[in-house]
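Enquirer: Residues per chain are reported as follows:
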Amino acid sequence: MLSEIDKKTIEYLAELSRIKLGADEENKILKDLKKILVYFEELKSLDTSGIETMNGGTEAKNEFRNDDDRTDTDKGNGVEAFPEKENGFLKVPPVFE
Amino acid sequence: MTPLKNLTIKKFNEGLVKKDFSAAEIADAFLREISRKDGEIGAYLSINEEGALREAEAVDASLAKGEKIGPFAGVPIAIKDNILIKGLRATAASKILENYTASYDAGIIKKLKNERAVFLGKTNMDEFAMGSSTENSAFKMTKNPHDNERVPGGSSGGSAAAVAADLAVAALGSDTGGSIREPAAFCGVVGLKPTYGAVSRSGLIAMASSLDQIGPITKTVQDSALLFNAIRGQDALDATSTEIPGSENYIRELLDPDLKKIKDLVIGIPGEYFPEELDETTKKSIDVTIKTVQSLGVKFKKISLPNTRYALSCYYIIMPAEVSSNLARFDGIRYGRKTEGVQPATNLKDIYFKTRGEGFGNEAKRRIILGTFVLSSGYYDSYYKKAQQVRRLIKNDFENALKEVDAIMTPVTPGPAFKIGEKTEDPLTMYLSDIFTIPANLAGLPAVSIPVREKKEGLPIGFQLIGKAWREPDILGLGFYYEKTTAPELYEN
Chain A
274 MLSEIDKKTI EYLAELSRIK LGADEENKIL KDLKKILVYF EELKSLDTSG
324 IETMNGGTEA KNEFRNDDDR TDTDKGNGVE AFPEKENGFL KVPPVFE
Chain B
222 MTPLKNLTIK KFNEGLVKKD FSAAEIADAF LREISRKDGE IGAYLSINEE
272 GALREAEAVD ASLAKGEKIG PFAGVPIAIK DNILIKGLRA TAASKILENY
322 TASYDAGIIK KLKNERAVFL GKTNMDEFAM GSSTENSAFK MTKNPHDNER
372 VPGGSSGGSA AAVAADLAVA ALGSDTGGSI REPAAFCGVV GLKPTYGAVS
422 RSGLIAMASS LDQIGPITKT VQDSALLFNA IRGQDALDAT STEIPGSENY
472 IRELLDPDLK KIKDLVIGIP GEYFPEELDE TTKKSIDVTI KTVQSLGVKF
522 KKISLPNTRY ALSCYYIIMP AEVSSNLARF DGIRYGRKTE GVQPATNLKD
572 IYFKTRGEGF GNEAKRRIIL GTFVLSSGYY DSYYKKAQQV RRLIKNDFEN
622 ALKEVDAIMT PVTPGPAFKI GEKTEDPLTM YLSDIFTIPA NLAGLPAVSI
672 PVREKKEGLP IGFQLIGKAW REPDILGLGF YYEKTTAPEL YEN
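Respectively, the protein sequence lines represent chains A and B.
Counting the first sequence from 1 gives a position; the working numbering is that position plus 273.
Counting the second sequence from 1 gives a position; the working numbering is that position plus 221.
No lab work stands behind these hints, which were simulated from the structure alone.
Since this is a predicted model, take the numbers as computed values, not measurements.
Hints may be right or wrong, so weigh each one.
[To be verified] List time: in silico DSS-like cross-link candidates among lysine-lysine, alpha-carbon distance up to 30 angstroms:
hint, chain 1, residue 1, chain 2, residue 2
1, A, K301, B, K640
2, B, K640, A, K304
3, B, K606, A, K280
4, B, K644, A, K281
5, B, K316, A, K301
6, B, K332, A, K293
Generate the whole structure from the sequences, applying the supplied hints.
Expert: Here is the structure:
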């Protein structure tokens, strides 16, 4: 399985991650990832068949707040960080080409 | 003038009430100390001079009017830069957030504002809390106050260094795989990672949500108990946060531990945490600590946590998976833009690729790519699902062991603080720094790092106490009596 990791894999992952990588960066990440995946091989020797997954940091139930109207969402403050805005709306380039 | 050295939360409050000093005097003294010393240490990324002095003066005004104040009024605290304080910059030490100003207060900041704490500034860290040495900060290097050629640990390195160098009375950090405990051990201060869910994560810039917890970094165990008690509790904005079952007793045990109960504790020593290659000084130091704790009347028992060796692999699959998801929100738009010249971009995708390519540092990129890989089609079962099963086995190990013992004692790190640059080339070597701290995060258990107080010279070494879920009073109570025995000066006036 490890042989499947190559430059193409990294390019594909970078595309999925929306990160532009330089050629040197790609090579370094490929080298590091190969090493890390070799380390992960040790997990194969551990039999986990039938073991239930642990899907979070706690087994406790979430404590959700009531689905009430809230007025404490400070829209004005959030908008300030936007690089471009118009009438309180976020302005971005076209999404569809 | 009261010296800032050894000024604890407790002593500050006593001195303030007795009018030995004013809150503004102490805040001002810390700010001057920071401007004098922090050029060398590099603990802070930004200073909140105006806000700190304003709050301190307000506390003094209340006192002058004869109003009653709480234990945190006027206490000068440093806050890790991934925790939001409204109106102040919050960069998480990343270029991608260089221009981001927090638009709301973190849940714990609201609590501390109600307590009228004074925020001195925001501390340096590894970018997005990813690292064990603070060398991954995009902005500056933090040095270990005990040896400026060495790292302070990480990722809460700035917070630990600030407390160790007397540039704050106490600090807050965050701990995903050891990021509070490891720097606390390297800098010779106390650091607590609470039980998962004890402290609200609202307003903490998320790294790996199922592992992250905010916690105190302080000069004494008692201060950690105080600060933890001030920030813990349910918060409607974090659905995993909860009130501690049986709170009333819990608070009393936390703040006023009973020596008789502490003496009855049984502590487990897991063989897996004391491998052959463990640093000799670390091993010897912990042996000395065990003897001291035995002299208090506490019993020790050998235990086994058989799946410990798989914890690092398990963590380095689950954590990057969550990282790749959590860091997707940094798109160059919603949290301000760092990259110049991207605009006018022809399409939205260009902005994403360029901002993220230029804004994230090497470790963040490595983890996002790795996380994307373990979650991607065809690899999910063999990596991510497998790791979640291993996480269950590690948790079961602790559950079984903690039926026989009340808490577990281990080293915090494989050795003392390493040299700056020593581990930056090979990520795996750096990852191994967290090998003893990661399991408590995977299992969601509370764990505290306490300096080996018997060791008076050389680099600090810490020992770790891991407790049962929601049993912070056991590990902090034991730590408190250990400190009273080995370093009574910390508690003397």
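Enquirer: None of the hints should be skipped; say for each whether it holds.
Expert: Evaluation of the provided hints:
| no. | hint | in the structure |
| --- | --- | --- |
| 1 | A:K301 to B:K640 | 23 angstroms, holds |
| 2 | B:K640 to A:K304 | 24 angstroms, holds |
| 3 | B:K606 to A:K280 | 25 angstroms, holds |
| 4 | B:K644 to A:K281 | 28 angstroms, holds |
| 5 | B:K316 to A:K301 | 21 angstroms, holds |
| 6 | B:K332 to A:K293 | 40 angstroms, violated |
When each numbered hint is compared with the structure, a violation occurs for hint 6 only.
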